[in-house]
Amino acid sequence: MLVELRHIHKRFGAVHANNDVSLTARPGRVHGLLGENGAGKSTLAKILTGFITRDSGDILLDGKPARISTPADATAAGIGMLHQDPLDVPAMTALDNFMAGMPGRSPVTVLRGAAAEKRFREIAAGLGFKLDPRDRVGDFTVGERQQLEVIRLMALGVRTLILDEPTTGISAAQKDQLFEAVRQMAREGRSIIFVSHKLEDVCALCDEVTVMRRGEVMGGRVLREEGRLLDTPARISSDLVTLMFGRELASPSRETHRQEQPAFTLSGVVLDDRRLRIALPEIAIRRGEIIGLAGLEGSGQRLLLQHCAGLLPATAGRLLGRTDLTHKPHKAYLRAGIMYLPADRLKEGLIGGLTLQEHVALRRSVAGKAGTFVNRASALDGAEKAITALNIRGRPDSRVERLSGGNQQRAQLALMPAQLDLILMEHPTRGLDVESAMWVWKLLRERCASGTSILFASADLDEIMQYSDRVIVFSGGQVAPPVEANALDVDRLGRRIGGQMDA
Amino acid sequence: MATPASAKTPSPGAAYRVGAIVVGLIFIAGLVLLTGHSPIDVLVAMVKAAFGTEDQFARVLATLVPLTLCACGLIFTFNAGLYNLGVEGQMIIGGIAATLALRLLQDSAPGPVAMAVAILAGIAGGVVWALLAGALNVFGRISEIFAGLGLNFVAQGLAVYLIFGPWKRPGVASMSGTAPFPETLWLPTIGKTEASPVALIAGLVVLVFTVIVMRNTYFGLRLRAVGLNPRSSTVQGIPATRYLLSAFALSGAMAGLAGGLQVLAIFHRLIPNISSNLGFLSLLIVMLGNFNALFVLPLAFFFSALNVGSLTLPIQFQLESALAGVIQGVLVLAALIGRGLSQQARARARAAAVRKG
Amino acid sequence: MFAKRDTVAALATLGLLLAACGAAPTAAPTAVPPKPTDPPKPTAAPVAATVAPTAATKPTDVPKPTDVPKPAATDYKIGLILVGPPNDGGWNQAHVEGSKYVMAKIPGVTFEIVDKVNPADRPNVKGTQVADDLIARGAKMIIFNSDDFKDDALETAKKYPKIPVIHASGDYSWKDGMAYKNQPNLANLMGQMEYGKMMAGCAAALNTETGKIAFLGPLVNDETRRLASAAYLGAKYCWETYRGKKAADLQFKVTWIGFWFNIPGVTLDPTKVMNEFINGGYDVTISGLDTPEAAQETKKAAAAGKKVKFVHYDLKTGCDIAPDSCLGSPYFNWGPEYVKAIKAAQDGKFDNYPFVWAEPDWKDINNVDSSMVGFTMGKGLGATSADMDKFVKGLADKSINLWKGPIKYQDGSDFVKAGETATPKQIWYMAQLLQGMDGQSK
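Residue numbers (our numbering), protein chains in the order written: chain A, 28 to 530; chain B, 459 to 815; chain C, 117 to 558.
Don't take every hint at face value.
Pairs of lysine-lysine residues, derived as BS3-like cross-links and limited to a Cα-Cα distance of at most 30 Å, are as follows [as the list claims (entries may be wrong)]:
(1) C:Lys221 x C:Lys465
(2) C:Lys524 x B:Lys650
(3) B:Lys650 x C:Lys256
(4) B:Lys626 x C:Lys256
(5) C:Lys291 x C:Lys465
(6) B:Lys626 x C:Lys291
(7) C:Lys524 x B:Lys626
(8) C:Lys278 x B:Lys650
(9) C:Lys465 x B:Lys650
(10) B:Lys626 x C:Lys274
(11) B:Lys626 x C:Lys275
(12) C:Lys506 x B:Lys650
(13) C:Lys456 x B:Lys506
(14) C:Lys495 x C:Lys506
It is worth saying that the hints were derived from the structure and are not from the lab.
Pulled out of the complex, with its shape left as it was, chain A reads as follows:
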């Protein structure tokens, strides 16, 4: 089925999640929708499947305007989505799940188990899946549950299939199987939309690709004609990386507060969170230095930050600050003046439900500078000062979850203790308007001037190039040694992220 999305807009509060997005998916073709997390891909997929209603824009199916405002509309129109999280019932068998998912049957219909099983096996064989319909879904791997879901969608007769980040959590062999099945479905005349932030998967599978960034379409490319790549893989990926991360060149020349003396050293550190295992090079973080961590999301940047924060013990290696911090409890890291500001501010940083003023009081008590009773006056005073100093749009009694993203980030920064040796940040300016982003960096650099070091991960290569003294590139399970930012430009950085470590 030919699917055309025309000028789709969707806002969530101040965030323009989809800004004039257009996309065309043709029958028989696998269309990639590529972009970093938060680029607006999932929003678009959910609009097409009726889970989210768009603010404006048109959806055309086979050239005719379609009204899709609920998931049922989408199903009726022949659009199916393979969700990131399986929607099955683990306690039941694959066949029971298969039958339960068939809509349009009255509840009193006699289940025709034998017929359903025959159909199940036919579809599975056609797609090259080796699933036993009598097995319990609870015993399946993520990949097998995905296969079950694909079989179900096929039985529903979908003519357009959307796959939302389908390669997360499945094995390499399962990925090959999935890709082969996807190609088979396309050959049968379906249109496929493959939503992913993984460059290599998109390159390996898609015929065409649309790249999104910050809610907008950055461009589209045709990768294959009649199954053949039109260019070398290396050139394709560097081209796509540039689209993903933007090519605006920022001036890398700027003053640095870097001192010679190292503040923290990591040597021989190996990190493993069961999903990913990375071996880090020698890293000596110098006082006042800003190090940017670049790479596709999920390449290990977060592991490094969490390790330095004392939240993820290393399987090998040492971390030295003023004292040896290796295998010390989290508290020791806090005492050593290390502050971690996670990407998800309301999940790991601020505490939704508490006011700014209460946050001020809480930080003071954690710092051990408080008695038994809360000193409201001084907390109020501290909150007011922070509001003025960081230009936070909020009141001392505003609950933090009511603040906008930018103001939340400012609040996080405001709550940082005065004396810090190391600040660890994920996406310091994600979701922030330009003004807030500038405020944030102004403040961070003031910190560096007083000798604080900063490690930050960002999906925004411009941000990395603009503020880092050195850059560490994470790519495909490898971590390169820190490189002077002066020696790089956005293009070369993009190529390195794409896997050409010596670019």
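With the hints as your guide, set chains B and C onto chain A.
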């Protein structure tokens, strides 16, 4: 999210709250009409039966104490993000521990000493039982709801076993409980009524303690932080586990105290239903009060009066006094529905404001 | 998080509602159809809250309280506190019927009845509290109807020295008893149900084919031990005398459920116990409960073709539930003794009211005006009723005295030595079940 502070913001959904309660009241009135009585008469009679005589008023006060104690304990666990459904069991174990202490001391120690030890034993029993649920929750990764409910059954079973087994009164094993303790081991009461000043003072002290701790101390603030976001709190260096267990322990102490007082001041013996379902009732009180310690007293007073006043239903109207349970349930459901609707209304209002802005 | 909280709230609410409903099935008006012979009492206008002889047969017919003039000042209101439901087909219903008898006999007396005063049905309510409220509402006398109220009765009597308190069963007012409490306004009333139980035991022994008799016991106390033992003595006598069999071939099993009636989750379920009896070959069950599970289960089993019978308890009309399977029903007739005690109270002569443990009126054990303990012969007796008549006659003329020694306790020690007869005290305070009975003594 239902947090205490949501009460502070001006509420465009206030009409929903009032409306839901009104609908609930109309439903109850209809129910009473169906039984062939006038709702007004029933209401007047219930008010009279709760406050008509000094005995009855004293009973309202006597029931108010365990409700307040359990509700205060639950304030801590709720604010720590815990659903301490084990409060009934903690109360029962408190009662059992107090009974045990009295049985051991009644022949050797002077009355006041024995009673003081019994109260402490009740508190200790509640703490142990709550920490058991806490340990299962924190270290065993078992939902505190199921841990609590499971331990409730164990506590109830233990009480029944003791009453029908080792602690049964000479020659008699009956639901009506163990042999009553001599009057020297009864907490003094106001006149001939059932209200014990000791229990009332205990309730009041615990209430004031709870209000102060939750509103004015860093402990309370950190507890709320842990409850709202354990991950953030840990990242910031608050030892979440210790705070969770502290909340369990405090809740258990207060429920255990309530259980001990049921033995010392009300029943003067251990009965199988020593908690009289007051623990569950206090869960509703705390939830209705938006987890705010300031609302505990008025709500506990209301439910206590309802509980005591309902005894007149069978006496005066031959109505099931279980109707009071239905009234309670309907009111609570109405209040919760009202809150849900008003929150939706407020969310809509905010969304509209954003669109305009 | 919010959703979780509300789920919990809903669960808790549901719990309360369920608790409320759990108690509901037994909810029923206290009014029972009056006998046609009951004369209407024009002076005692029916008040909604009282069970008067003219009380209507249906609850909806009861006039609203506002419609009725206040009762005249001469009215004598009595608070009756029942441990169980008033329509239990047993102990509590017998008391309600006693109250009707009183109202028919003494003009101006009305009753206010509160049922199900026990910690399972009414948590957070004590007998003393109910008495407080009844007295506050003008009750001039209080009757507690269960042994379980002994502490409540004493406490109420102490708190209100001017209010006569009757405790049905119990021994606090028995000067020779072991638990005598000098409380002048507290009186105990009880009938010598031992004789009724002997008849019950005899009826069972005459009708068992398997030689296995079961006794469905409530909780263990002095009263229930002596009643179960009396049933056994009656059974043994008739087994040996009328059926000519050896005592050793008679099995007599006692199972205590834990309370006077079923409390789900706390007591054993009497329905299940009955099924165990029936499946275990016990073809006659003697009920000791307030409630009619023995009758109901026997009826079911009989309908399923099993040859099973039962003996009811407490209520004169107890056989009506399953007439064909019913061997009889030993019952209490509280009316006459209540009338005596209430008249004494009205005349101001209640203090130090003598302890009452009334024998049947042996001239006619079923005389409503004189016999406190009676026995209704059931249809199920069939031809064995002749032997039953002989047995009752023997008890009446004292030619049969089953309290004569030697009688041994379960552990082999003497209950009554050879050549002696058990004294009332020995009988009342029987410490164990008797030798030959199978079941727990404590």
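Pair hint outcome, Lys465 of chain C versus Lys650 of chain B [Cα-Cα no greater than 30 Å]: holds (26 Å)
Proposed proximity, Lys291 of chain C with Lys626 of chain B (alpha carbon, max 30 Å): Between Lys626 of chain B and Lys291 of chain C the Cα gap is close to 25 Å, so the pair holds against 30 Å.
Lys650 of chain B paired with Lys256 of chain C [C-alpha distance capped at 30 Å]: Roughly 19 Å separates the two Cα atoms, so the pair holds.
Hint consistency between Lys456 of chain C and Lys506 of chain B [alpha-carbon to alpha-carbon, up to 30 Å]: violated (34 Å)
Satisfaction of hint between Lys256 of chain C and Lys626 of chain B, Cα-Cα up to 30 Å: violated (34 Å)
Pair hint Lys495 of chain C and Lys506 of chain C, alpha-carbon separation not exceeding 30 Å: holds (17 Å)
30 Å limit on alpha-carbon distance, applied to hinted pair Lys291 of chain C and Lys465 of chain C: Roughly 18 Å separates the two Cα atoms, so the pair holds.
Holds or violated: Lys506 of chain C to Lys650 of chain B, with C-alpha atoms at most 30 Å apart: violated (56 Å)
Straight-line alpha-carbon gap Lys221 of chain C to Lys465 of chain C, limit 30 Å: Measuring from Cα to Cα gives roughly 19 Å; hence the hint holds.
Agreement of Lys524 of chain C and Lys626 of chain B with the hint, judged by alpha carbon distance not exceeding 30 Å: Judged against 30 Å, a Cα distance of about 25 Å means the pair holds.
Pairwise hint evaluation, Lys650 of chain B against Lys278 of chain C, where the allowed Cα distance is 30 Å at most: holds (15 Å)
30 Å limit on alpha-carbon distance, applied to hinted pair Lys524 of chain C and Lys650 of chain B: violated (47 Å)
Of the numbered hints given earlier, the model fails hints 2, 4, 12, 13; all others are met.
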